[in-house]
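There are 2 protein chains.
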Amino acid sequence: MFLYTKNFDEQKAKAMEGLRKALAENKVDEDIIPLLEKLNALENYFTTSSCSGRISVMEMPHFGDKVNSVWLGKWHREVNVGEVFDAIERHSSGQLWFLVRSPILHVGARTMEDAVRLLNLAIGLGFKYSNIKSVSHRKLLVEIRSTERMDVPLGEDGELWVSEDYIERIVAIANDQLRRFKGKLKRLEEEIGKL
Amino acid sequence: MFLYTKNFDEQKAKAMEGLRKALAENKVDEDIIPLLEKLNALENYFTTSSCSGRISVMEMPHFGDKVNSVWLGKWHREVNVGEVFDAIERHSSGQLWFLVRSPILHVGARTMEDAVRLLNLAIGLGFKYSNIKSVSHRKLLVEIRSTERMDVPLGEDGELWVSEDYIERIVAIANDQLRRFKGKLKRLEEEIGKL
Chain A
1 MFLYTKNFDE QKAKAMEGLR KALAENKVDE DIIPLLEKLN ALENYFTTSS
51 CSGRISVMEM PHFGDKVNSV WLGKWHREVN VGEVFDAIER HSSGQLWFLV
101 RSPILHVGAR TMEDAVRLLN LAIGLGFKYS NIKSVSHRKL LVEIRSTERM
151 DVPLGEDGEL WVSEDYIERI VAIANDQLRR FKGKLKRLEE EIGKL
Chain B
1 MFLYTKNFDE QKAKAMEGLR KALAENKVDE DIIPLLEKLN ALENYFTTSS
51 CSGRISVMEM PHFGDKVNSV WLGKWHREVN VGEVFDAIER HSSGQLWFLV
101 RSPILHVGAR TMEDAVRLLN LAIGLGFKYS NIKSVSHRKL LVEIRSTERM
151 DVPLGEDGEL WVSEDYIERI VAIANDQLRR FKGKLKRLEE EIGKL
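Residue numbers (the working numbering), protein chains in the order written: chain A, 1 to 195; chain B, 1 to 195.
Just to be clear, a hint being listed does not mean it is correct.
Stated by the list, open to error - Heads up, simulated DMTMM-like pairs for lysine to aspartate or glutamate below, C-alpha to C-alpha not over 20 angstroms straight-line:
1) 139(B) with 113(A)
2) 139(A) with 113(B)
3) 186(A) with 37(A)
4) 74(B) with 151(A)
5) 74(A) with 30(A)
6) 66(B) with 151(A)
Simulated from the structure, these hints should not be mistaken for lab results.
These figures come from a predicted structure and were not determined experimentally.
Could you build all of it, start to finish, from the sequences and the hints given here?
Spelled out as structure tokens, the structure:
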């Protein structure tokens, strides 16, 4: 069975090249970079993709249709209500949603033992939805994920279903969630050396 | 490393006793029972907990505080707006949320190979958030989970932030999501014998 990743070092080298390119193109969320660097400095892990968590306003033909979704606004930090209103004003058709997504990191591990050690550290630091996403001799992939999330329908086909007051309320809740998961990311960054 | 579950048959016997008890007390969602029976008939798997997916109205001191949360309404089927209004009327304090949760099944596997086979079947049938939840010699646990979800704040401390129209809209979307994940459960039930 799949106890370890074949060609781990080759895969890591390739992933690191991809990361360097993404960094050069400013495609990596800034506040997650120190954590990525610490993780990649460990010899038994490498990161393949990451998001530091976000608040967004999205337009989609119907829920779950990622391909045809359009972000009208996307922030990896606290937002103010004005920014959210501006995004909502760009809405024209399809379902309009206000979303919060917790951080996600995908991390390749050299052995199943390494994968489990990272998994347990992450769960212990509050990333309770962390798990082993795929298992094969080509890949042992740990997913680090937290529980914060919002999925709020706001309107459809140009029509808004909620009041400005309501949007103020949900922005406050979203910022609460964001502060919470950013705190968890910070703790993970501090503790990751323990692996 | 953890290639197989120690004392698998003992653990399965214990889990099956728990399931029989839960069934006798009507604590198992009815529409998931055939799937549980098919899974447990396989010699390399046993179910430890399950939910067939639900729509609910919940009151909680703040988001994520599960301990102090109270369900004002909970349904494992399509709901009508009247039922949701009735639940909302029971709200008195804390944050009020309208929630959709996709089905979750936790399944013990005899070996890592069995775990991965089930994981890949589930992902292929649309349960895209499926993963391996824990890995130890005491437990190889597969989590089967889908993507449908809603987390909509409705009000706080007795005050409602949204209109009746809005609630009608989100109930329609929730029922859409419910039909979708019930369909996936049905397909999983049909395909599970392939393991």
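In rising order, the numbers of the hints this structure does not comply with: none
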